[in-house]
Structure formats: structure tokens, C-alpha cells
Amino acid sequence: MPAHLIAEEGPLRGLLLNLEEGDDWVLGRDPDEAGFVIDDDTVSRKAARLSRTPEGAFFIENLSRVNPTLVNDEPIDGRTLLQEGDRVQIGHTVFLFSEKEAPEIGAKKPKSGYDDIFGALEEEPAPEKKEPRQKKKAKAEKPKEEPAQSAYDTIFEESGEEEEAPLPFNLLSETPLLLKVISGPNAGAEIGIEKGRSYTLGKDPDSCDIVFQDLSVSRNHARLTVLEDGSLEIEDLGSKNGTAVNGTPILEKKPITTQDMVALGTTVFLIIDRDAPQETIYSPMIPAYEPPKEEAPPPPAEPELPEKEEKRDWKKEPIPAKYLIAASAFAAVFLIVFISFFSLFKSQEVEVAKKEPVSKIQKALAKFEAVQFSFNPASGKLFLVGHVSTAVDAQEMRFRIAEIDFIRSTEETVVIDEYVDKMMNDVLNTNPAFRGVAIQSPEAGKFIAAGYVDTNETAMQLAEYLSVNFPYLDRLENNVAVGENLNAEIQAMILSKGFGAIAFQYANGSVVLSGNYNEKMGDEFKELVKEIGKIKGVGKVMDYAVASSARQAAIDVSGQFQVSGIAQHDGKGYSAVLNGKIYTLGDRVEGMAITEIDPATILLEKDGIKYKINYTR
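Residue numbers (our numbering): 606 to 1222.
These are computed hints drawn from the structure, not numbers from a lab. There could be a bad hint or two in this list.
[What the hints assert, rightly or not] Each computed DSBU-like pair below joins lysine-lysine, with the alpha-carbon atoms no more than 35 Å apart:
1) Lys1211 <-> Lys1141
2) Lys1139 <-> Lys1211
3) Lys845 <-> Lys986
[To be verified] Cβ-Cβ distance ranges computed for the label pairs, FRET-style:
4) Asp1148 <-> Ser979: 54 to 60 Å
5) Asn1034 <-> Gln1000: 25 to 31 Å
6) Ser984 <-> Thr830: 27 to 33 Å
7) Arg802 <-> Glu638: 39 to 45 Å
8) Asn1034 <-> Ala1152: 37 to 43 Å
9) Tyr1077 <-> Ala1198: 56 to 62 Å
10) Glu1062 <-> Glu961: 57 to 63 Å
11) Arg1003 <-> Leu832: 27 to 33 Å
12) Leu686 <-> Gln864: 55 to 61 Å
13) Val997 <-> Asn1036: 27 to 33 Å
14) Asn677 <-> Leu832: 39 to 45 Å
15) Arg1003 <-> Lys800: 29 to 35 Å
16) Ser979 <-> Leu832: 32 to 38 Å
Source: prediction; values computed, not measured. Note that the Cβ used here is the ideal one computed from N, Cα and C, for glycine as well.
Using the sequences provided together with the hints, build the complete structure.
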């Protein structure tokens, strides 16, 4: 079998990278850059490069400065030769390099260049088509070429009598209880848990039984205990963001039920009891309604006609009682129909009443613009999602919601921004190059990276680090200043304004000005100080410059010239000998025009900037 890398430890355990085709492979998280894509948030876009020489030797090279690649638990420098059995760590996954035969999973070869961890499970036959153990064993005794045994075990080995390698979580067994994640980065995950066991919950794959890939979850966040009788207990392990049950933080071990919502940071889960009986409401059948049969009235007796019928006036005839009763009944029915018809037009008032709960919730959450909600009037359940600035704001929001009487239960995944700021600033302080940078949240749902770094290379490393580790990158504004760029910008601004004798120093976001400037240019100098303060990355400008005469404010270039003597006419300097040559007033020396010659100083000017040569020193 060709050389390959197979994941032995970590969240991608069992992943096989086949090094058969090609001579150069890039490993990383970016599908556009990497030939082998490693789906792990702790892996850089381009983490490492594998290459094969014409002689068949394999070399590995680290490509990430933030999350470096380790070989045998040690960092590598440059191209490193891989030998049989070397352990290569990329992110949280440890790969084993080998050129020996590895067990194959089915006849079909994966298209992506590596095997899926569940590939062997998908190719197994359906349970109802499995043969009895005796028949399966008999088949195994038929003459067949046995595959070569691998030097290591993987979870892909199909065994008749051997045990399969355990998975990171109990995902496939029919356990009586099921942990279901309903919110957070791992939303939708289902993990089987057993009775009589205790589970450590967190983001450290080495010390936790159940791992959540959530930056708001601590390394060892909480402990879930399942007793033999099926009762549950949750305990916080001193996490930074705490553990909450139904929105209420817990301070000690707390019993929970299968109806309780447990929140670890932004991850929310609940426990489902598979053996719980389902309730059924019995409704007896109602016989169809049959109207009573009315007996047919007897036919009216025919009146006896007189032998000679007299002509009668119908207007003077009295109305029979039965017609009066029928007319009254018809009028009553008409009145009922009329009232019912017009009552339909009053349904708009009922519609307004339905909108009233939503308006009350909107009024209660008016202060929290970054929080959105969804309300189910039938169940009285309220769902909240979004951001608040501080924990005090979160308590005030919950208090306002609790005062609304028609809300029966509340489920929230609201992020407290000050906790996110503190977590990220603690992480940034661990890197000396990033200690001048801080994450701030001026308003709910908005984050700003402010401060400074020394070089452009450090700024690029910071941007890559934030893109991997900051959970709300779409809400982050990067205002970090680069020191080497600021120094060049401030120096150019000072010279362009004609203040060449002004010196400055930039440190920790502050600019310190010193030196001399022409007292006649006081207004221009104040405007310069304001413009420096508006530069991105400058938080404070300290002005220690002194207003003085034009001579004192000029740039001293005495070290560049040697003055051998001067000539005067009518008590004023007329010419001078500079570096062995004679120059008079108005002549140019290296682009600078001589404007004045004094017994101690020669003044020059170029592009509006004053220079001086002090030849008495």
C-alpha cells in the first residue's frame, strides 16, 4: 500500500490521507488552498506541506505561525524527513505516518482522498439481512487470501470476533438517555449517555468525555452525573462563563430533569429519556346526530261549501293564528342572521387584541436593540437571541420579561459582550506581540479591536489569529494601528508643514513632540498637533515643543559642513567659505539657499524649511 497518514487521536480519529497520487500536498482548513481538507477550527487555512522526492522520501514543512505543526510532539524548522511511525500533530488531531499495509474498507475508493470516519458503518448490510453467526463463521473458513495485518489498529477494522475501536462519543448504541444540543456551534448533535456514569463536559478533548467546539465553553466546564435510577445532576467546575439551568446560574450541584434546558456559554442542551412513555389522550367516538322524525300533520278537513258561495273581501278577513306564528318565527330567524352578519365586522377588534402581546414584548425589549424575539401565543413560550452589553443589562432584560403575565416560559441564547471581551483579552495577553491590542464592545453586538502592533508582519498574524479564534468575526471592526506605518506618516506630516526642528516619539498609542518651532508659526503648529491627534492609532498627543526664534527653530546641519571663514561688508556677513568653496548670499549649497550670514550662524532655506550652520562650535 502507498504511504499514508491516519488519525490516531483527536476529533478526526480514523481519517485516512492517501499519499499515492502526486508529489506535493497541502494540508489545511481552506478547501481552496489545501489538497487535503482537515475540518477542524484549530487548524490554519494552510497548516503544513507534504512532498515526495524522486527517491521516494517524504518531507513535511510547517506553514502556520499561529498553530504550528508538531512531529513527535516537537516543533519543526524547515523541511523535516518523515520516517515510519512518526506522529504528526495538526490542530487537535494526531496522525501516524506509515508506508505499511493498512486495512481497506470496502471495494469502493473514497473520492476525496481520505476515508470518512463513518465510512465502514455506511457499507454494513441492513440488520434484517445479516446471516447468523454460524453461517458467517463458515464463510470465513472458505479459501480466501487473507489481507496483510496492519502495524496499528483503526476504527475501520471489520471484526467477526474482535472488538471495534471505541468512538469519541457514544453515538450509535441504544442508550436509555440522549444528550441533544439545541443551540451553539454543535447544534443538532445527539450523544448517548448511560446510567450510573459521570461525564465531564468542556472543550478539552484530552480530559473531557463530551467535547463542545465552543470558545465560550471552558476546558473543563461542568460535570453531568447520571445515577442508577436515571436521575440527573449537573455541577459547574469553576468555568469562566458559568453553567445555567433554565436561564438561572447554578452555584452548586443541582438536580435536573429531562424538561430542563442547560446552558454552557452559548451551547444549550437538554436530556431526552428514550424509555419515557408517550401520553395519549383518549377521545370516545360521538355518534352522528340524527334529527328527530316529525310526524306528518293530518290533512286539513275540507270545509263544507255552501250551496251558494258568497263573495268576500280579503282585506276584512282576520289573519289566521298559524300564519302569525310562522311570520314571528321568520322575523326572529332574520334578526339572528342579521346580528350575526354584522358581528363579523367586529373581528378586527379581536385581531388588534392578538397584536397586543407582541407590542408588550417590544416595549419591554425596547432598550435592548440587539436582542430579537419570537413568541408562540398558543404555548406562551418566548425565544430570545442576540447580544447585550453587560451582565447587568441581561438581568434587567430578564426582569422586564418576567413582569409580562402571559409569558409562561422563556428560552434564550443571548450573548453577554463583556464576557466575550474579557475572554479574548485574556487570550491576547498570552502573546507578547499582541499585548498592545484589546477587544472592546462600545455597544451591544458590536466589537472593536483597538491598540497597536509594531510591524506589518505582526498585524497580519493578528488578523489570522482573530479569524480563527474570535466567534463573532462579522461583528468585529479592526482598528489596530501599525507602529512602523505611524512613524512614517507623522514624520512626513511634520516636514510638510515646515517644522523640521520638531522631534517626536510614538509609544503605547501616545505621540510626544519636542524641539523648537518658529514663534511666528504658532497657529500652524497648533493645527499640526490637532492633525496628528486625528491619525488612526494615536490616542493622545503630548506637546513639549518650545516656541523660539527662527534661528533656534531651524534644522541644525552643522555636522555636514566645515566653515573656514566669512567676509563682511558694512558690518553684515557677505560671503563664507564652506567645505573649501566660497559662497555669497543667495547662492545654493546642496539645494539650500543662503539667506543670512552672521558671525556665529549661517541660515539657509529649502522648500520653506529653515536650516542653520553653527560654525562657532
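Outcome of the hint check:
Pair hint Lys1211 plus Lys1141 holds up; C-alpha atoms about 30 Å apart against a cutoff of 35 Å. Proposed proximity of Lys1139 and Lys1211 is supported: the alpha carbons are some 28 Å apart, at most 35 Å. Of the supplied pair hints, the one linking Lys845 and Lys986 holds, its CA atoms being roughly 29 Å apart against a limit of 35 Å. For the hinted restraint 54 to 60 Å between Asp1148 and Ser979, the CB-CB distance of approximately 55 Å keeps it satisfied.
Taking 25 to 31 Å as the suggested C-beta distance range, the pair Asn1034 and Gln1000 conforms, at roughly 28 Å. The beta-carbon spacing between Ser984 and Thr830, approximately 31 Å, falls within the hinted interval of 27 to 33 Å. Distance hint for Arg802 and Glu638: a CB-CB separation of about 42 Å, consistent with the stated range 39 to 45 Å. As the Cβ distance of Asn1034 to Ala1152 is approximately 42 Å, the hint placing it in 37 to 43 Å holds.
A beta carbon spacing of about 59 Å between Tyr1077 and Ala1198 agrees with the range 56 to 62 Å that was offered as a hint. For Glu1062 and Glu961, the Cβ-Cβ distance of about 59 Å falls inside the hinted range of 57 to 63 Å, so the restraint holds. About 31 Å separates the C-beta atoms of Arg1003 and Leu832, a value consistent with the hinted range of 27 to 33 Å. As the Cβ distance of Leu686 to Gln864 is approximately 58 Å, the hint placing it in 55 to 61 Å holds.
Between Val997 and Asn1036 the CB atoms are about 31 Å apart, so this pair conforms to the stated range of 27 to 33 Å. At about 43 Å, the CB distance of Asn677 to Leu832 agrees with the hint of 39 to 45 Å. The hint said 29 to 35 Å for the Cβ distance between Arg1003 and Lys800, and at roughly 34 Å that hint holds. In this structure the supplied range 32 to 38 Å holds for Ser979 paired with Leu832, their Cβ-Cβ distance being about 36 Å.
No hint from the list above goes unmet by this structure.
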